[in-house]
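Whole structure, please, built from the sequences with the hints as guidance.
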Amino acid sequence: MNAIDQSGILAISTRLQRLGELLRKDGQQIYKAHGIDFEPKWFPVIYSLHANESLSVVEIANEIGYTHPSTISLLKELEAKKLVRSRKDKTDTRKRMISLTEKGQQLVVQMKPVWDIITAALTDLTNSTNNIMRAVNEVEARFKEKSFFERAEEIRQEQGSQQL
Numbered sequence: 001m002n003a004i005d006q007s008g009i010l011a012i013s014t015r016l017q018r019l020g021e022l023l024r025k026d027g028q029q030i031y032k033a034h035g036i037d038f039e040p041k042w043f044p045v046i047y048s049l050h051a052n053e054s055l056s057v058v059e060i061a062n063e064i065g066y067t068h069p070s071t072i073s074l075l076k077e078l079e080a081k082k083l084v085r086s087r088k089d090k091t092d093t094r095k096r097m098i099s100l101t102e103k104g105q106q107l108v109v110q111m112k113p114v115w116d117i118i119t120a121a122l123t124d125l126t127n128s129t130n131n132i133m134r135a136v137n138e139v140e141a142r143f144k145e146k147s148f149f150e151r152a153e154e155i156r157q158e159q160g161s162q163q164l
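Under the working numbering, the first residue of the sequence shown carries the number 1, and numbering increases by one thereafter.
Hints in this document: simulated from the structure, not taken from any laboratory.
Incorrect hints may appear among the rest.
Said to hold, decoys possible - Once the Cα atoms are required to be at most 20 Å apart in a straight line, the calculated DMTMM-like pairs of lysine to aspartate or glutamate come out as:
1) Lys76 to Glu53
2) Lys88 to Glu77
3) Lys103 to Glu53
4) Lys82 to Glu53
5) Lys90 to Glu138
6) Lys25 to Asp37
7) Lys95 to Asp37
8) Lys112 to Glu39
9) Lys103 to Glu79
10) Lys81 to Glu39
11) Lys25 to Asp124
12) Lys81 to Glu53
13) Lys88 to Asp124
14) Lys95 to Glu79
15) Lys103 to Glu77
16) Lys95 to Asp124
17) Lys41 to Asp26
18) Lys95 to Glu154
19) Lys25 to Asp116
20) Lys112 to Asp124
21) Lys41 to Asp89
22) Lys76 to Asp37
23) Lys82 to Asp26
24) Lys76 to Glu59
25) Lys82 to Asp92
26) Lys81 to Asp37
27) Lys82 to Asp116
28) Lys76 to Glu63
29) Lys112 to Glu53
30) Lys25 to Glu77
31) Lys81 to Glu102
32) Lys41 to Glu77
33) Lys144 to Asp124
34) Lys32 to Glu77
35) Lys144 to Glu154
36) Lys90 to Glu77
37) Lys41 to Asp116
38) Lys25 to Glu39
39) Lys112 to Asp26
40) Lys103 to Glu39
Here it is, written out as structure tokens:
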């Protein structure tokens, strides 16, 4: 067991990032095995546009839970691959509306059966006593009630310390 694993809850962010990287790496292999040129990091944008047809940049950022700059970066990659297009909103020309291109829509059709396989494999992987999806849902809900930072500040104040 390495130091990060031994540190327990203190390294939860690192452990979740490591798990995310493993899932992305294997996800990319799954797409490649099915002849699909697709980066798993594009998934939240592609899926959101598949589900919503057309969204503004801000709506996409909110939908996927990413910062505006991270969302813009993903959109630039997807535009370069000709999977999404942007146009000015008819009612508010400051707002850019993003949608899937024909190529993006065809890609989704090609990926849908693979998403079924990925869903089944992830369900099998996470079907454990301490189901990670249930835990993630619970932690996200608790985060909305009170953030990690707010909780740490309360503890600091309770301890009467001047530093975190």
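Check your understanding: CA of Lys103 to CA of Glu53, is that 20 Å or under?
Key -> Holds, at about 14 Å.
Review point. For the pair supplied as a hint, Lys103 and Glu77, is the alpha-carbon distance within the 20 Å limit?
Key: holds (14 Å)
Review point. Does Lys25 pair with Asp37 here, judged by a C-alpha cut-off of 20 Å?
Key: holds (13 Å)
Review point. When you check the alpha-carbon spacing of Lys82 and Asp92, does it fall within 20 Å?
Key: violated (24 Å)
Check your understanding: Is it true that the CA of Lys76 sits at most 20 Å from the CA of Glu53?
Key -> At roughly 18 Å apart (the allowed maximum being 20 Å), Glu53 and Lys76 satisfy the hint.
Check your understanding: Does Asp26 lie within 20 Å of Lys112 when you go C-alpha to C-alpha?
Key -> holds (17 Å)
**Study point:** 20 Å Cα cutoff - pair Lys95, Asp37
**Key:** violated (30 Å)
Review point. Does Glu63 lie within 20 Å of Lys76 when you go C-alpha to C-alpha?
Key: At roughly 17 Å apart (the allowed maximum being 20 Å), Glu63 and Lys76 satisfy the hint.
Check your understanding: Within a Cα-Cα threshold of 20 Å, do Lys82 and Asp26 meet the stated pairing?
Key -> This hinted pair is violated, its Cα atoms lying about 24 Å apart.
Check your understanding: Within 20 Å, alpha carbon to alpha carbon, are Lys25 and Asp116?
Key -> holds (18 Å)
Review point. Is Lys90 close enough to Glu77, meaning Cα to Cα at most 20 Å?
Key: violated (24 Å)
Practice item. With a cut-off of 20 Å on the C-alpha distance, tell me whether Lys76 and Asp37 pass. Key: The given pair, whose Cα atoms are some 17 Å apart, holds under the 20 Å limit.
Going down the numbered hints, you'll see the structure goes against 5, 7, 13, 16, 18, 21, 23, 25, 27, 33, 36, while the others check out.
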